[in-house]
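Asker: Build out the structure end to end from the sequences listed, making use of the hints.
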Amino acid sequence: MTDPDRPPWPRRPDGDGHGAAVDGAPAEGGTRRTSPRIVLVHTATFRQARQLVPALIPLVAVIGLDDGLTAVVLLAAAITALSLGAAALGWWRFGYADGPGAVVVTRGLLARSVRTVPNDRVRGVEVETPLLHRVFGLVRVRVDAAAGSVGADQEELVIDGVLRAEGDRLRTRLLARRVPAGPAPTEDAAAEPAEEVFARFDNRWLLYAPLVGSYLVVPLAAVGTLFRFVDELPDGLVPDVAEPDLSDLRVLGVAAVVAVVLLALAAVVGAAVVNWRFRLVRRGGSLVSVRGLLTRRHTELEVDRIRGGTLSEGLGMRWVRAARVNALVTGLGQANRRGQLLPLGPRAEAEVLLRRLVDDPGPLVRHPPAARRRRLVRALASGLVAAALGGLATATLGWWWALAVGGALTVLGVPLGLGRYRALGHRAGPRSFTVRSGWLVREQAVLQRRAVVGWQVRQSLFQRRARLATVVACVGAGSGGYAAVDMAAGDVAGFTAAASSGSWAGTLALR
Amino acid sequence: MTADSAAPVRDPAWSLSRSAIGLWVTEGVLGALFYGALVGAFVLFVPVGGPVPVLRWVLPSLVAVYAVVAIGIRPWYRHRVHRWEVTEEAVYTLTGWLTRTWTLVPISRIQTVDVTRGVLQQLFGLATVAVLTASSQGTVRVWHLEADVAQRVADDLARRTELVRDEAT
Numbered sequence: 001m002t003d004p005d006r007p008p009w010p011r012r013p014d015g016d017g018h019g020a021a022v023d024g025a026p027a028e029g030g031t032r033r034t035s036p037r038i039v040l041v042h043t044a045t046f047r048q049a050r051q052l053v054p055a056l057i058p059l060v061a062v063i064g065l066d067d068g069l070t071a072v073v074l075l076a077a078a079i080t081a082l083s084l085g086a087a088a089l090g091w092w093r094f095g096y097a098d099g100p101g102a103v104v105v106t107r108g109l110l111a112r113s114v115r116t117v118p119n120d121r122v123r124g125v126e127v128e129t130p131l132l133h134r135v136f137g138l139v140r141v142r143v144d145a146a147a148g149s150v151g152a153d154q155e156e157l158v159i160d161g162v163l164r165a166e167g168d169r170l171r172t173r174l175l176a177r178r179v180p181a182g183p184a185p186t187e188d189a190a191a192e193p194a195e196e197v198f199a200r201f202d203n204r205w206l207l208y209a210p211l212v213g214s215y216l217v218v219p220l221a222a223v224g225t226l227f228r229f230v231d232e233l234p235d236g237l238v239p240d241v242a243e244p245d246l247s248d249l250r251v252l253g254v255a256a257v258v259a260v261v262l263l264a265l266a267a268v269v270g271a272a273v274v275n276w277r278f279r280l281v282r283r284g285g286s287l288v289s290v291r292g293l294l295t296r297r298h299t300e301l302e303v304d305r306i307r308g309g310t311l312s313e314g315l316g317m318r319w320v321r322a323a324r325v326n327a328l329v330t331g332l333g334q335a336n337r338r339g340q341l342l343p344l345g346p347r348a349e350a351e352v353l354l355r356r357l358v359d360d361p362g363p364l365v366r367h368p369p370a371a372r373r374r375r376l377v378r379a380l381a382s383g384l385v386a387a388a389l390g391g392l393a394t395a396t397l398g399w400w401w402a403l404a405v406g407g408a409l410t411v412l413g414v415p416l417g418l419g420r421y422r423a424l425g426h427r428a429g430p431r432s433f434t435v436r437s438g439w440l441v442r443e444q445a446v447l448q449r450r451a452v453v454g455w456q457v458r459q460s461l462f463q464r465r466a467r468l469a470t471v472v473a474c475v476g477a478g479s480g481g482y483a484a485v486d487m488a489a490g491d492v493a494g495f496t497a498a499a500s501s502g503s504w505a506g507t508l509a510l511r
Numbered sequence: 001m002t003a004d005s006a007a008p009v010r011d012p013a014w015s016l017s018r019s020a021i022g023l024w025v026t027e028g029v030l031g032a033l034f035y036g037a038l039v040g041a042f043v044l045f046v047p048v049g050g051p052v053p054v055l056r057w058v059l060p061s062l063v064a065v066y067a068v069v070a071i072g073i074r075p076w077y078r079h080r081v082h083r084w085e086v087t088e089e090a091v092y093t094l095t096g097w098l099t100r101t102w103t104l105v106p107i108s109r110i111q112t113v114d115v116t117r118g119v120l121q122q123l124f125g126l127a128t129v130a131v132l133t134a135s136s137q138g139t140v141r142v143w144h145l146e147a148d149v150a151q152r153v154a155d156d157l158a159r160r161t162e163l164v165r166d167e168a169t
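Respectively, the protein sequence lines represent chains A and B.
Note that our numbering numbers the first sequence so that position 26 is 26, with each residue one more than the last.
Note that our numbering numbers the second sequence so that position 116 is 116, with each residue one more than the last.
Hints listed in this document are in silico derivations from the structure and should not be mistaken for laboratory results.
Be aware that a few hints might be false.
Computed, partial: chain B to chain A, Cβ under 8 Å [said to hold, decoys possible]:
1) T103
2) V105
3) P106
4) Q137
Here the structure is a predicted model, which means the values were calculated and not measured.
Glycine residues also receive a C-beta, built at the ideal position from the N, C-alpha and C atoms.
Answerer: In structure tokens form, the structure reads like this:
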């Protein structure tokens with residue numbers, strides 16, 4: 001993990017004496033504070049006061065909102081005051097210091113917590129600018145630290161609410177210092193290295209959004225919340241809308257069309273908000289991505305730690321040949337969000353981008369026909385069980401529809417099983433290898449050979465009879481393992497040996 | 001085992017000690033007692049004309065089958081399947097019963113080596129060696145080695161990891 005030749009807390013390289021000059025901040029190693037303006041931002045967003053909401057609900061229930069407007073106004077004022085107080089306290093008790101060897105963040109109201117991240121454990125720095133922060137000229141800095149087994153929320157330090165210049169200074173300093181030996185990285189070298197654009201978002205790609213599950217979920221959830229909210233309002237507040245005549249088929253049809261159009265529009269808008277002016281550039285040893293309309297997100301990944309990438313296509317995306325690309329980076333927390341290299345785009349573009357990260361291992365090798373049988377059986381099994389139960393229900397209770405549902409599930413199982421089989425594939429190339437699986441979201445992982453930190457081969461009784469096996473490449477990045485499902489048992493030893501660096505995988509070879 | 005062409009990879013060379021069978025039998029007995037107590041409570045406390053009368057004899061027979069399999073069959077079968085090996089370059093295990101899992105981790109990618117001894121394991125003088133890597137799925141556990149063997153293996157692995165360690169991720 002750590003380079004054995006370097007001490008874990010390296011001395012600051014000479015000639016790196018910038019930083020202390022920014023707006024009269026305390027000298028090196030001194031504790032800094034975030035900008036006091038953040039108090040206003042946190043008050044407005046109820047950041048700290050949000051935790052009090054569960055406590056407020058029963059209170060409101062006891063007092064009741066029936067007294068009318070005064071009670072509501074008083075409550076709002078009280079909450080705002082509370083929020084202001086909490087935000088001010090939070091600001092007062094928060095401090096950070098980027099010393100020569102480590103970043104230290106001190107916080108906590110009563111129980112003080114001090115988090116220290118040694119500089120060589122810093123995996124990436126993300127500078128994001130939510131809308132309100134932008135109004136006040138502030139940014140939020142997330143420092144990503146490599147951590148093996150601790151929870152995801154402990155892997156990062158968040159310094160919320162520093163001035164934009166200070167945020168940029170933190171980013172360049174933390175990342176510049178991490179660059180291994182050689183000429184001391186100075187401010188000019190870190191600030192203006194050559195840039196190479198890897199990908200740029202084309203606004204036409206937004207049209208793919210209605211076919212992508214994750215962009216559809218947000219508007220659907222919003223509609224759900226709205227309905228629940230309307231349900232909970234007192235009856236007097238709900239405007240009296242005439243109940244539409246639901247028995248009229250035409251009304252239903254029009255409503256359905258309108259709903260679909262609105263949903264599609266919402267998905268496009270959602271995708272635009274997240275991905276607005278997305279750009280991926282290589283700057284020195286890092287890949288930098290910038291995106292977002294309201295919240296600008298600025299993420300840096302270290303190229304040396306990239307072990308490969310995944311290309312994933314959802315069911316809807318496959319119809320229009322769209323795909324997304326994620327980088328697989330060792331020791332990166334929240335890899336799904338941070339590792340995104342192409343949020344949405346044409347498949348061809350995605351493939352070109354993936355090739356720039358890792359060599360092309362060549363076309364996929366299909367899995368044997370036994371794998372197709374196995375996928376079909378598995379897809380049909382649930383339908384057949386449902387049909388059998390339905391038959392029983394028809395015979396005993398006269399529920400013919402149960403049989404019909406079972407039959408429909410069985411019929412749908414055929415394309416499902418065939419689709420799942422078509423997704424399967426693997427291939428070992430000269431310097432990289434790839435595996436692919438999945439139907440609802442088909443994911444192809446392409447990895448460098450050195451990425452593999454272990455192999456796991458699984459074989460169930462049924463796989464044993466069909467002479468198949470599932471091979472998982474264990475990787476210290478992404479989801480931790482990428483599987484070639486239902487390979488021919490005879491190919492396993494050859495594939496694992498060809499797909500890992502060094503000779504150790506030869507241990508698996510049959511004698 | 002090599003004559004079996006359905007096997008995807010070769011099996012590790014060394015089998016576990018016989019004490020592991022005793023441990024697995026004990027686990028099976030404890031499990032059977034636990035389920036037996038649950039079912040006994042069900043039969044005793046749910047009135048005779050309960051919701052699904054069939055359950056009154058289905059559940060006890062299921063427990064009986066479980067007891068026979070978990071005490072009489074599974075420990076011996078597992079002992080035949082489970083194997084392990086430490087080679088020049090890697091740690092290699094085979095575990096499982098109906099579904100078999102072979103796991104191979106190169107010594108150069110080992111991050112930590114743990115030795116743990118559970119309560120039952122202490123009764124039988126056994127220990128588990130866990131070899132962890134940077135991947136959450138790339139963990140090798142060698143179950144139920146004799147305690148002194150486990151300690152020797154762990155020390156040996158830790159020493160060799162120091163020598164060959166590269167970036168390990």
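Asker: Does each hint fit the structure? Answer for all of them.
Answerer: Hints and how they fare:
Of the supplied interface hints, the one on T103 (chain B) holds, with its beta-carbon coming within about 5 Å of a beta-carbon of chain A, less than 8 Å. For V105 (chain B), the interface hint holds, the least distance from its beta-carbon to any beta-carbon of chain A being 4 Å, beneath 8 Å. For the restraint placing P106 (chain B) at the interface with chain A, the shortest Cβ-Cβ distance is roughly 4 Å, inside the 8 Å limit, so the hint holds. Taken as an interface hint, Q137 (chain B) checks out: its beta carbon lies about 3 Å from the nearest beta carbon of chain A, inside 8 Å.
Hint violations for this structure: none, all hints satisfied.
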